[in-house]
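K.L.:
This is what each chain is made of:
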Amino acid sequence: DAGVTQSPTHLIKTRGQQVTLRCSPISGHKSVSWYQQVLGQGPQFIFQYYEKEERGRGNFPDRFSARQFPNYSSELNVNALLLGDSALYLCASSFWATEAFFGQGTRLTVV
Amino acid sequence: AQTVTQSQPEMSVQEAETVTLSCTYDTSESDYYLFWYKQPPSRQMILVIRQEAYKQQNATENRFSVNFQKAAKSFSLKISDSQLGDAAMYFCAYRSAGYSGAGSYQLTFGKGTKLSVIP
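Protein sequence lines, in the order shown, are assigned to chains A and B.
The first sequence begins at 1 in the working numbering and counts up by one.
The second sequence begins at 1 in the working numbering and counts up by one.
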């Protein structure tokens, strides 16, 4: 079975631009969560979606948004990129209140 | 809000030896889960071991075991017979057990411990 897949793997954007990151959960998993991992730190929770509804939001500005599609895949959007948004963005899927399985992440560099 | 603290930024261990990574956490909840995740250079977070707070017995997974001290809010990871493939960042993480409607299933991570394994 395929694990959690994220695309793209690497991305370079310019300050002020917008970016969309994509995540496909493990088949059968209905919950998707997004985390931001700045270099040298642990991941920070951004969003959780379950059955296409937002179930949790971390302490991130409104420039960050996400959605979940009927097939349970998800997109994370970040508008008006700042240099500080440079990070590894991790997606995790779970059936519900079970272990989270992570993808390999998208490395975003803002220049 | 819950916090997770890993006080050892870096650790090293000789191959085949045993090493213990420390983690403390702060919470007012009585029911929760604790995890250790491993993140190798490939970047993918891999679950190493999980502990339910209501279980007094310490979790064990092959060469990995935990020492869970609920009253002290301590959750250390012991790696026995260390192997070169164990070299990675290790993150301790906390998750609430109940749903309160505000991201209760989010994981709260510590800053991580970089483990090096010396041949």
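Keep in mind that the hints were calculated from the coordinates and are not lab data.
Note that this is a predicted model, so its numbers are computed, not measured.
Take these hints with a grain of salt, some might be off.
[As the list claims (entries may be wrong)] To spell it out: a stretch of chain A is covered by chain B in this simulated footprint if at least three of its residues, at any positions, have a beta carbon under 8 Å from a beta carbon of chain B; those stretches are:
#1 18-26
#2 29-41
#3 52-61
#4 85-93
Positions of the beta carbon are idealized from the N, C-alpha and C atoms, including for glycine.
K.L.:
Work down the list of hints and note, for each, if the structure agrees.
P.N.:
Each hint tested on the structure:
For the segment 18-26 of chain A, the proposed coverage by chain B is not satisfied: 0 residues have a C-beta within less than 8 Å of a C-beta in that chain, short of the threshold of three. Counting residues of the segment 29-41 of chain A whose CB lies closer than 8 Å to any CB of chain B gives 5, so the stated coverage by that chain holds, three being the minimum. With 4 residues having a Cβ less than 8 Å from any Cβ of chain B, the segment 52-61 of chain A passes the three-residue criterion, so the hint holds. Three residues within the 8 Å Cβ limit are the bar, and the segment 85-93 of chain A against chain B gives 3, so the coverage statement holds.
Going through the hint list in order, the structure does not satisfy hint 1, though it satisfies all others.
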